[in-house]
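Engineer: Residues per chain are reported as follows:
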Amino acid sequence: MTLRQAQDDAPAALRQAQDDEVCLRLDGVSKRFGSLSVLDDVSITIRTGERCGIIGPNGAGKSTLFNIIAGELPLSRGAVSFLGRDVTRVSAHARARRGMARTFQTTTLFPRLTVIENLVLALQAHSAERFTMLVPRSRYRARDHEARALLERVGLGTRADALVDALGYGEKRQIEILLALAQRPKLLLLDEPTAGLAPSDASLVTEMLKREHAGLTMVLIEHDMGVVFDVVERLTVLHYGRVVADGPVEAIRADANVQEIYLGGKV
Amino acid sequence: MSVGRRWIVAAAAGFVVALLLPRLGVPTFYVSLLTQTWIFAIVAMSLDLLVGFTGLVNFSQAALFGVGAYAVAIGATRFHVTAFVPVMALGIVCAMVTAAIFGLVALRSEGVGFIIITIALNEIVWGLAYQWVSVSGGDNGITGIVRPHVGPFDVSENTGYYYVCLVSFAICLVLLLVLVRSPFGLVLKGVRETPRRMRALGYNVWLYRYLAMTISGGFAGVAGVLFAWYNQFVGPVALSLDQSTQILIIVILGGIGTLYGQVFGALVVVFLSNELSAVTQRWEMVLGVIYFAVVMYAPGGLVVLVPRLWNRLLGRRMPVTAEES
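Same order as they appear, the protein sequences are chains A and B. The first sequence begins at 48 in the numbering used here and counts up by one. The second sequence begins at 244 in the numbering used here and counts up by one.
Bound-form chain B, shown alone (with noise of 0.2 angstroms):
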């Protein structure tokens, strides 16, 4: 079997077997962590665009992400719009004006200075989450957002909900996975890799930023869009700085360019946040250490440690082969 015929198979597993876990008898709470975990992952793939296949690291993800979040909330209470396909259109574009408005400041610079500019920018949307109480509802933010329907299917119950998060992650991955290996992509990674020689082969490399930071704000959008309704609130803690650096880590964690590898990132955060929040205070030195390890000795994130240790188990030796770019 080709590598490439066996990643389907394998995904095509992994798709099957996510489908049947609340038909396993996996407890609600452990459902409802997956949940998060898709939502995570789709916004970590749509910062991996942005650092693993154009090389821009940007800090201001968590703001796209919780316009996005707002857009559901100030569209259900102020305007009434409730419908699945009106709201996710909502979300997804103003996601994407932010993330046009950011890329037209802070891709005036480049390295340190673009990361710098996009904390700043991060900032300024919380503050604006923050203070504009009239808007966003300040500190208390948002409540009585209603999961909508979807087509006949009624998914306000958990479990529902549940394969909504993981249907929109594989359709963002498979768009994604498209992407980066279109002849746009290969200009994306051309980018990444030597802007000087893109420049002079004839390339705008403004304008691939600039679109690729655009279309990465759409994905982070969706991906809010989901947050809102999972947890039927809105607050500015969704698109604080905080945040914003909690997505690089599982973008880090997972396998910076691999896309896929965000679901590994995604599920160590969540559950980590989640089960060890409730032992202690301090589960985020645990994460620190985790992600400690990783960068240490599986700098290609746990997507490379995950079939190794398998291997491992199993008594194999892996064959070294190229790394996915």
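Just chain A, same shape as in the assembly (with noise of 0.2 angstroms):
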């Protein structure tokens, strides 16, 4: 809170300037669960174009800092604002629509449609032609085409017509990703996008991710340190719903007290 007030009584030019490079400010953000404290007083600043990973043991409450990040989840305390705008209250789809996109751990599919169909919900997601209801789809070539030209992109064009039930598992965990990218994002935010993918699959995964996010603002969930090593710049620890360290990855890695509590003492 300390620091919003200071930001209130800075002059409204500097702030502008500031806010300007600020994608995502978490300010003093709590969450209980009844008595369950599973994140207390969390502030991160993430500037545009940073790449932020988010490291911590299980329970450590990454994933609950994501969903209230992304507004699937209400605050017990704090304030989230998204590209200089307060969206604390915001709903998850109004916060998507300013332009956060996010992953999910379990893919988080529409099993039941084709590869295309997924894209196009995604690409679709902020035009206009979501409510038309008397024109078939048919007639909107042109999404099909910017869907495959993406499939084809990361090499799964040939799935196109598949249903998302019939993907191999790493192959799904690839569109979980080429979901968020469609979307355009000012803000992508991965839920641990290797969960549970072999080596091979996850370099892919990796790669993927480094070839694509090029100026993209990214907050990354990871539990391999290969991946977060790869492809974030900066690290921030979090232990028992508290930041414990945050800085350049290389520092972090050096960091005494993260090697205790997160990296069992060595690396």
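One or more hints might be untrue.
Straight-line distance between alpha carbons at most 20 angstroms, and here's what the computed SDA-like set of lysine to any residue pairs gives [unchecked claim]:
#1 A/Lys233 x A/Met255
#2 A/Lys233 x A/Ala141
#3 A/Lys219 x B/Arg439
#4 A/Lys219 x B/Pro438
#5 A/Lys219 x A/Pro246
#6 A/Lys233 x A/Gly131
One side only, chain A facing chain B, incomplete, derived with CB under 10 angstroms [claimed, not checked]:
#7 Ala117
#8 Phe151
#9 Phe157
#10 Val211
#11 Ala227
#12 Leu236
#13 His286
Keep in mind that the hints were calculated from the coordinates and are not lab data. Since the model is a prediction, treat every value here as computed from it, not as a measurement. Just so it is clear, CB atoms sit at the ideal spot from N, CA and C, and this is done for glycine as well.
Take each chain as given, in its own frame, and dock them per the hints.
Structural biologist: Following this line, the structure appears as structure tokens:
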């Protein structure tokens, strides 16, 4: 809260200049489930273009924090602002419309629709045609072409007309990310993108992230340290719902405290 | 021939056969049963839009159907609105407004909660029809409804009225097929599959469910209006919870998410309820057994079973195809 007050005192022009560079700001975010405190006074500021990883042992509150950023969970205390505007009480879908996109730890696609249909849903989310009722979709060829082009870029062009249900797990994980990229987000939230993947498939996903992320602001939750070190430039460490370390990847790697609580005392 | 074109040919052939049936010496009794079949197929399709395409199991469809029917009766007996177009419009608007109000209440909840609220809403409307005697005539219902002229045609005879219902069914089917194939229809399927992802993509899931419920209400209203004219009488049975259940059974029997499958579901339910009830009071047990068999052995519905049996009859093997969704 003190940060917020300080901000309010700053001259408007200066604040505007700062806000231009800030993509996402969490101010003293706390979350309690009954008597259980899951997040306690978490403050993180992510600048536009930054790629930030959030790590921490199981139960540290990473997923809860993600759900709060995305607007799926209400917070108990604190504030979230996105692109310079307070979104604390803005619904998940409205945040998405402002430019947030997220992926899920457990694959959350549309299993009984085709790969193309999955992507078209992401592509048409911000266009007026989503309310078009009396024109068949076959009149919107351009959308399908757009979706096919995206698929071909990640080498899944041949799977375009398959049901998502019929895809392999690795392919599903790629579509999971592709859907979020198709939203053309200003902020991409990735919840364990390589969860449950064999190393070879995991590297496929990592490569895809590295290829597509140019200039994209990204927040990544990940258990696989290889992926984290590969993709992000900054790390925030959560432990029992508190931020215990925050800084450039190299600094965090060397931090003795972090090694103690997260990496089990050694790297 | 492509699969799409084959369907169009089959549908056109079916429509022509349906048009010719009354001229082929089919007894009047069966013509009137078929009329009922078209009416129930319309209301079942309206429910299929929710169950099969939006993922909402709505138990208040009979209330919307009934509101359409009562709109005809009250409009005719009190306000002397009897012409085809105004009455149809009145029935559709009343049912849509009711559905819109239902949506405001029921969509505050999801899943089982939604189902229970829609049961309660249906009971409330049934209670109104049963007890608000000054408006609805209570248990006695409202009599004295006369079938209107449709343009130059006199449809007061059962054969003429059969065509009104058949054409109404065809129009509703085409409209709904276009709707579920539109970009909006794809959004509904997304909502059915994974609402959480839809929210993450930026879709207002509540709004799409609400629109689907309201649109579905309009189609239920069409069926209700046709039903009132068919019976020339409306009573509270038309909007009972039993009726809602029966509509859902038609959807499941016919094939969830197929729309045209509802014809088969409606055919079975209408013929069983009329033919068997003349023989035994326990006809619903037979319906139960058929329902059980379909759910167990053809969960895709009769629409999947019919071609399979047809092919077996001809000694062919059916290729396994992806189900229409």
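Engineer: Against each hint, give a clear statement of whether it holds in the structure.
Structural biologist: Quick rundown of the hints versus the structure:
1. Between A/Lys233 and A/Met255 the alpha-carbon distance is near 18 angstroms, which keeps this suggested pair within the 20 angstroms criterion.
2. Note on A/Lys233 and A/Ala141: the hinted pairing holds, with a Cα-Cα distance of about 14 angstroms set against a maximum of 20 angstroms.
3. At roughly 17 angstroms between alpha-carbon atoms, A/Lys219 and B/Arg439 fall within 20 angstroms of each other, so this suggested pair holds.
4. Taken as a hint, the A/Lys219 and B/Pro438 pair is honoured in the structure, with Cα atoms around 18 angstroms apart against an allowance of 20 angstroms.
5. The straight-line distance between the Cα atoms of A/Lys219 and A/Pro246 is roughly 15 angstroms, inside the 20 angstroms bound, and the hint therefore holds.
6. Restraint check for A/Lys233 and A/Gly131: satisfied, since their Cα atoms lie roughly 13 angstroms apart, inside the 20 angstroms limit.
7. Annotation: A/Ala117 was flagged as interfacial toward chain B, and the flag holds, the nearest CB pair being 7 angstroms apart, inside 10 angstroms.
8. Using the Cβ-Cβ criterion of 10 angstroms, the hint placing A/Phe151 at the interface with chain B is satisfied: the shortest such distance is roughly 7 angstroms.
9. The interface hint given for A/Phe157 holds, since its Cβ lies 4 angstroms from the closest Cβ of chain B, which is under the 10 angstroms cut-off.
10. Among the interface hints, the one on A/Val211 holds; its C-beta lies about 9 angstroms from the nearest C-beta in chain B, closer than the 10 angstroms criterion.
11. Taken as an interface hint, A/Ala227 checks out: its beta carbon lies about 8 angstroms from the nearest beta carbon of chain B, inside 10 angstroms.
12. Because the beta carbon of A/Leu236 sits about 9 angstroms from the nearest beta carbon in chain B, less than 10 angstroms, this interface hint is met.
13. Interface hint status for A/His286: violated, as the beta-carbon distance to the closest one in chain B is roughly 27 angstroms, over 10 angstroms.
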